[in-house]
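Asker: Note that the protein sequences, when read in sequence, are chains F and C.
Note that the first sequence covers residues 21 to 413 in this note's numbering.
Note that the second sequence covers residues 36 to 597 in this note's numbering.
Simulated from the structure, these hints should not be mistaken for laboratory data.
We put the beta carbon where it would ideally sit given N, CA and C, even for glycine.
Any given hint could turn out to be false.
If you only want the chain F side, here are some residues facing chain C, beta carbon under 8 Å, derived [claimed, not checked]: (1) Thr314; (2) Leu328; (3) Tyr341.
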Amino acid sequence: MRSEAGTPRRATVTALRPALSPEPSREQPVTLEVLANQRITGRASARDVRHLELALPEGRLRYEPGDSLGIWPENRAATVAQIALLLGARLELPVTFGSRERPLVDWLTRERELTRLTRPFIEQHAARAGSGELAARAADPAALRQLLRGCQLVDLLREYPACWAPEELVAALRPLAPRLYSIASSRRTVGEEAHLTVAVLESVHGGERRYGAASAYLAEHSGEDGRPVRAFLESNPRFRLPADLARDIIMIGPGTGIAPFRGFLQERVAAGASGRQWLFFGARHFDSEFLYQTEWLEALKRGELTRLDVAFSRDQAQKVYVQQRLTERGRDIYEWLENGAALYVCGDGERMAPDVHAALAAVIARHGGRNADAAEQYLRDLASAKRYLRDVY
Amino acid sequence: MSTEPPVSELSPVERLKADSRLLRGTLVESLADPVTGSLRECDAQLLKFHGSYQQDDRDIREERRQQKLEPAWRFMVRTRLPGGVLSARQWLALDNIAERYANGTLRITTRQTIQLHGIVKRELKSTIAALNAELIDTIAACGDVNRNVIAPANPAESRAHGEVLDWTKRLAEHLLPRSRAYHEIWLDGARVAGTPEVEPLYGPTYLPRKFKAAFAIPPVNDVDVFAHDLGFIAIVDGEHLAGFNLTAGGGQGATHGESATYPRLASVIGFLPPERLLEVGTAVMTLQRDYGDRSNRKHARLKYTIDDRGLEWFRTELYSRLAAPLAPPRPFHFVTNGDRYGWTLGYDGRFHLALRIPGGRVRDSDSAQLRTGLREIAAVHDGSFRLTTNQNLVISEIALEQRPRIEALIHKHGLDLYARTPPVARDALACVALPTCPLAMAEAERYLPAFTERVHALLHPLGLAGEPLSLRITGCPNGCARPYLAEIALIGKAPGRYNLQLGGDARGERLNVLHLENVAESAILAELDQLFAAWAAERTLAERFGDFLWRTGRVRRERANS
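Take these sequences, add in the hints, and give me the full structure.
Answerer: Below is the structure:
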């Protein structure tokens, strides 16, 4: 998974680039049929992670491993209905914004962000609600962060009643943005399909479940109901497999950061790569959150995956993360790097990626006999040689 | 020996044992592998010798396959408890270990031990170490070795009980494997450098198959002594243990559709004085070590060795290994293979209380807080806990003044199931089966309550609800609940389908026979309903169901070998 709603840092994700013609674009997406939607976390897991298989129209969306799929979500009907109720407006009410007039339900379902709040909106809402308390929260960075993370539009409308004409609300809300998901497959292996690994974002606010816009939208596609998904290709040329099939690769992808590496491995196997593959994965629980476990075990058995190191943080008293595994395997990692291996990191950019970076730098310092600056320079050199590539969010 | 198969014909497990360096294999590496909750296949085999089976939760096997997760691998750990005796402190420890590492239940087995289920690989070593810290080991609780040695459970039944229990423990110790592998792998024991390690009794390939030993004291045959490879029937002369009748070649297991496999009652061989027990027990076991079939594991128990070569050959070979022949067997008489429930007064003035544990599963339910109640009893009890081979429990050695305290806890937690349960449910046995046992083809333990209730509902209108009736269910034909001795047995064939076996006796001396093959519950109940009606109408005074079926020709034996 690449990006899903919630935190302000999401806004800093690189702007979506227009796709090349004749590919479907952000503005003109293609509709994809959902072939499969399978939960891949065990029943003991509190996390609902889905494996989705989408059918690609013949010859279109010709993705490469490392690319992402942009998904245009639709907001949940229940959420839309709640908001209309709080506005005191009918769903069918025609609402004009700019030059376009459409029913309120359409604006709220397909055109406006309902799951991600922004600071300007909160400030406007505080003014309308006459709430000094909300205004104060918006002004305090810590309180604001908490608000942006845990609170959706419907919560704000309910907890700080204010008068919004439907037109005003539609004007004040941000346009709905697509969500990007790393593709978890290789066309050489799966044919005209794209697979995604989607963590369904769930939180509880005021006793009610709140969902991320796109992940909940995707999770509700059964694969049998025939509802298509609007999608487009988001190329990611900065996260590519080495052209040299003999080069070793080290993949570090805890959580849904594992997604592109499933595609990488499929691609390398299909291409007959002679280089070795080493995967680091981490999650909270071995038993229920080891994403694609059977596929990795099978790949290990067949020798397609050379090494697999895992860290499960909540299975013992002491929390263990992938970066500890990197440290433990430092000697071999350094040897692989010296041997020309390319390093890939995918997943959480807030904590995981910096921690992994620090662990890698320490490994290079220790096993390469370098000081801290030289180790950082080593990683910079790897990056400029396209051998330290990150896809973090 | 000319009869030994050439090396190439040995079953794969034989090669595995031979290559295992006395049961070490690569268990340490398998246990440390973090990417799977299972062991390598060869290590999963060797693990049995250490008292544990690799299993998975079969209820969610298909769900996890779809989730791209490996099966929910779990480990069953079986303790070794000769004679089934635990101190109250050990009971508490087991209860804690079950909570900490297993699924929060204790399972009393038909071979008088405790199984813990649901342990994950990364905690297996801690579990076994925790057991050993309470002086409970698991060595040779499974595998091709002499398994847990069982003995009569209730000390009040006989004055010779203590002596027999003592011999039980001595035989168990004598036949233990000597490999240090167990201590090295589970208890961080040091490797003894230099000294070449040997298995003096077993040799490097151990036995061809499991080997089970049992002691019985007539007139009670609670252990079903004829169901075991090696048996000793105590001959008590007044209050004095005169010796034992040796029995050999019993076994329950069979395989569906393979007529060359069958249950067999042990043969009575001869009489020996107590002091010859270890000599004779060792000779029977080493005979089987040398002559048992190592090419076909379904044909590897002592019963086949004896039947293939004849009882006279067995006797001759056995005596060639003994200092002197055995005397002719002494007369003995069994009257029951069930447990005597409730309070009994021992010869030493202390009390014993035998409790019904349905399916052997110690857990709290709506009708009985078995686990909580037994834990609270263990906390105040200074005697012992004794497991019965009928999956029940005897709270043993209760002083008169302690009795009210125990009775209050029994009452408080509803532990008096034996008094509240109709006989057919009270005496029924079931193996574990689904969801943990990999061999199960059908439900057993989980099905037992519903099935016995339905049978009771048939008996009740016929006025037979108070009649004792032995009923046993197993999920497969391997016979863990000794089903082939029951008056009524269900033996699993497929989900919801069983072979109905009828005609065992109440003494563990007669095998039942196949009556209906591969039938569902409705057909089983319809057939039983008819037979019960005939039993009610035609039975002689106090005639048991199994005896009635034979007398009236409703079951008959078609095969000669049993």
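Asker: F:Tyr341 was flagged as interface toward chain C. Is the shortest Cβ-Cβ separation under 8 Å?
Answerer: violated (14 Å)
Asker: For the hint on F:Thr314, just tell me whether its beta-carbon gets within less than 8 Å of chain C.
Answerer: holds (5 Å)
Asker: For the hint on F:Leu328, does the least C-beta distance to chain C fall short of 8 Å?
Answerer: holds (5 Å)
Checked against the numbered hints given earlier, the structure breaks only hint 3 and satisfies all the rest.
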